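The listed protein sequences derive, respectively, from chains Z and X. Under the numbering used here, the residues of the first sequence are numbered 7 to 214, in order. Under the numbering used here, the residues of the second sequence are numbered 4 to 254, in order.
Source of the hints: derived by calculation from the structure; they are not laboratory data. Given the structure is predicted, the values throughout are model-derived calculations rather than measurements. Possibly wrong hints are sitting among the right ones.
Stated by the list, open to error - Sample of chain X residues lacking proximity to chain Z, with all beta carbon distances greater than 10 Å (derived):
no.	residue
1	I41
2	D63
3	N112
4	K118
5	K135
6	V137
7	T152
8	Q182
Claimed, not checked - Cβ-Cβ distance ranges computed for the label pairs, FRET-style:
no.	chain 1	residue 1	chain 2	residue 2	range
9	X	G249	Z	N180	19 to 29 Å
10	Z	M7	X	N97	21 to 31 Å
11	Z	Q123	X	Q182	33 to 43 Å
12	X	S247	Z	N68	30 to 40 Å
13	Z	G71	X	N93	19 to 29 Å
14	X	K40	Z	S118	30 to 40 Å
15	X	I165	Z	I100	44 to 54 Å
16	Z	K202	X	I165	36 to 46 Å
17	X	N97	Z	D41	13 to 23 Å
18	X	E153	Z	K15	38 to 48 Å
19	X	E153	Z	K27	46 to 56 Å
Glycine residues also receive a C-beta, built at the ideal position from the N, C-alpha and C atoms.
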Amino acid sequence: MNVTIVDYKSGNISSVINSFKEVAKDKVKIEVTSDINKIKSSDKVVLPGQGSFKSCVDGLNNINGLVDTLNEFAITNKKPLLGICVGLQMFADIGYEDTETKGLGWISGKVSKINNQNGKYKLPHIGWNQINIVNESKIFKDIENNSHMYFVHSYEFIPNDKNVISATTDYSSNIVCAVEKDNIFGTQFHPEKSDKIGLKIIDNFISL
Amino acid sequence: MLKNRIIPCLDVKNGRVVKGINFVDLKDAGDPVEQAKIYSDGGADEICFLDITASNENRDTIYHVVEKTSKKCFVPLTVGGGVRSIDDINKLLNCGADKVSINTAAVQNPDLVEKSSKKFGSQCIVVAIDAKKVNDCWKVFTHGGRNETEIDALEFSKQMEICGAGELLVTSMDRDGTQIGYDIDLMKSISSKVNIPLIASGGVGNLDHLLDGIKLGNANAVLAASIFHYGKYSILDAKKYLDSKGIPVRI
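Chain X extracted, bound-state conformation (with noise of 0.2 Å):
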């Protein structure tokens, strides 16, 4: 039976992992190569790395931490933040990255989705979707959540599907660094909109929220930072816990 995956989120700037709460009032949280190696070690199912202020910022540090990380830890390893070209694609992946997610550039450029998932594979093109609730519906936000879209994010998570994602990484702005849990109605949403696998993200600050995620949100995988960064839960004791409660989870 196909597992449901735990993935521990590191944010990186600058070569160094940060999580912001909200985006803003970072604090660091250790090395990244590192911290991989204690999560993949630990028992989590993939690795993911947001290189958070990569627009802004040289982007090599991310390559040598991607090159490095990827010597040590032998789980599936995915790369996001600043992704803008196929150019861009090639260098994660040649560094070791076995995913690369796409953000701002998906909005703006779906055909970058369309190309890049035909040139290496829709196995390695996660489209990442973040979403707020605007009146009655959520709609998609870019540059780390500080811009406002029109796009409606259901209809834009099947379009991604067409333009040939691999995968759906979906994080509600909303909650995101709130730790009250998963934006439920967005993942269910979402997960009955499209035939691909879907990864939850944003609000997670218990263990029951990973359940809620998987149970009542239908995901696919669940994506979590701050709880597992400080200490609070190892990524054993989620599992554990989500097996108690008849997940099927890789222990």
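One chain only, chain Z, in its complex shape (with noise of 0.2 Å):
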């Protein structure tokens, strides 16, 4: 088996690389590409995301084929992908960070600045928060309610539909922080840097 992170020029993937090659060991194959055949012929795939939404779509969109290649993978293969952070975040129609920006629309829905309440919650959300489990979901496997993942971001993910949601975290407001959709996952935290938690989270998506 082969898991592809995509690289798309956008933000430091270096701890998502060392993190899945730790889980993956000599079992699987972690590739690191932005080649649209290597990422055709994979089995699963990772997107990362750091940065604005907008760097992030605008990233996908500079290399020529991709946003069609991952189309096909996730919607029309409906290979298992995985989503961290702006990558779970571009599952959106749209997004507002800087400015409107059009997401994959994978999952209907959209992205907007967490409410601060005034300053009262400093932004970034930074640091390590409780995960609420709300819809059981393949990669929570042998993972326990309120377990702790480390988050970064500014802006969360409001989804259309709340069945997608499998777990939330609690900071101004009940944030959306994983969503399940099918064969598509994402995590708003970052599990790369969620410790031993965050790599069984890693290795359920590995294992599907």
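Make the complex out of the two chains shown on their own, each in a separate frame, by following the hints.
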């Protein structure tokens, strides 16, 4: 089996690479590439994302054929895909960071700034927060409810269909922090930075 | 609920961990990779490396340390010291740092903070501010605390937030190495001035100081070095103590 981490030149993905390689050891091949042929032939895809919604979407669009390839992989062929942080946010129809930007439109909804309640909550939301598992998800196998995960973000994904939400976290309001829709998975937190429990989530995804 | 973070800081020189008492009189306290691993296994919420003599010496050692550490530690790793350019930041991030802290260069060239936070995202740009009380206000110091500037630390904090810093790491030069506790007034003043998270640093000698930093100084994270390095307290000791005082921590 091989798992491809999409390298679309947007943000720092070395921690994602290190964590997947740590979990995969020798049993699974981890590829890091923007080569659309390699993505097409892989079994699973990881879509990381750092920086702004717009810069990530631009990063995807700057690579010829990448968005079409991801659409084919996740929507047509229904192969497992995991989005992390802005990688998850890009599932939305639209994002409002800096300027209105069209997302991938895989899970209907929008990405807006977290309401900081007039400065009561500092942004970015940085640090370890507990997840509240609201729907069973395959990537939460053997993950206890209220586990701590590492977050760093100022924007939140608000899906229209609440059934896709698998976990929320409490910061100003109940922020969506994990989604599952068929073969598409996403975490707002960073499993690659969430110590052993985060590595377990990565293991669950690899083992799907 | 978001937890307050405990961050052990390892001062690194030529690839080895040292901790200065007021930035002189250095002692060797071991291998940074192994120490970072011990801390992350022990429950540290993040690890911080400060390359203390980066401005004067060969920088390559820190890249190797970061590279090796990031393959063993799966909690966030912040690296600072001698960060001068977009290229420096890029290299550290590529080696596996999750955040980079910018100190002197942020003072000399605030544009670097603006450009780097746009390029890499605010989440990985920490501005480290060394402040010292001069007369009735806090002034920003640069070059590891050696050079005084005329810049007011509170004003500078706000400016850095506007430039796109994701967090501020504030060190009191009056307290650093003294073990008599954080400069609470400084922390409180900066925390109320900005809407980004504040990491308090400089002066921790016991667990009550960590408590004060969070409770009185309104810091979102507390950074300490010596109390952890020399085995006085473990990270877990610190967390259990804070928990017993009603401070939310990850245990």
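Quick rundown of the hints versus the structure:
With a closest Cβ-Cβ approach of about 14 Å to chain Z, I41/X is found to remain outside the 10 Å limit, as its non-interface label requires. Distance check for D63/X against chain Z: the nearest CB is about 17 Å away, which clears 10 Å, and the non-interface claim stands. Every CB of chain Z is more than 10 Å from the CB of N112/X (nearest about 21 Å), matching its label as outside the interface. At the 10 Å boundary, the C-beta of K118/X stays outside the reach of chain Z, the nearest C-beta of that chain being 13 Å off.
With a cut of 10 Å on Cβ distances, K135/X stays outside the contact zone with chain Z, its closest approach being about 25 Å. Listed as outside the interface, V137/X is consistent with that label: its C-beta sits roughly 28 Å from the nearest C-beta of chain Z, beyond the 10 Å cut-off. At roughly 26 Å, the least C-beta separation between T152/X and chain Z is larger than 10 Å, which holds for a residue marked as non-interface. Every beta carbon of chain Z lies more than 10 Å from that of Q182/X, the smallest distance being close to 26 Å; the non-interface claim holds.
Range check, G249/X to N180/Z: about 23 Å between beta-carbon atoms, so the 19 to 29 Å window is met. Hint check: M7/Z to N97/X, Cβ distance near 27 Å, so the stated range 21 to 31 Å holds. Between Q123/Z and Q182/X the beta carbons are some 37 Å apart, a value that agrees with the proposed interval 33 to 43 Å. For S247/X and N68/Z, the hinted distance range of 30 to 40 Å is not satisfied, since their beta carbons lie about 52 Å from each other.
Separated by about 27 Å at the C-beta atoms, G71/Z and N93/X satisfy the suggested range of 19 to 29 Å. Between K40/X and S118/Z the C-beta distance comes to about 39 Å, which sits within the given range of 30 to 40 Å. Taken as a hint, the range 44 to 54 Å is violated for the pair I165/X and I100/Z, whose Cβ atoms sit roughly 27 Å apart. Judged by the Cβ atoms, the range 36 to 46 Å given for K202/Z and I165/X holds: they are separated by roughly 38 Å.
Checked against the hint of 13 to 23 Å, the C-beta distance between N97/X and D41/Z comes to roughly 19 Å, which is consistent with it. The hinted range of 38 to 48 Å is satisfied by E153/X and K15/Z, whose Cβ atoms lie roughly 40 Å apart. Judged by the Cβ atoms, the range 46 to 56 Å given for E153/X and K27/Z holds: they are separated by roughly 48 Å.
In this structure, the earlier hints numbered 12 and 15 are contradicted, and the remaining ones agree with it.
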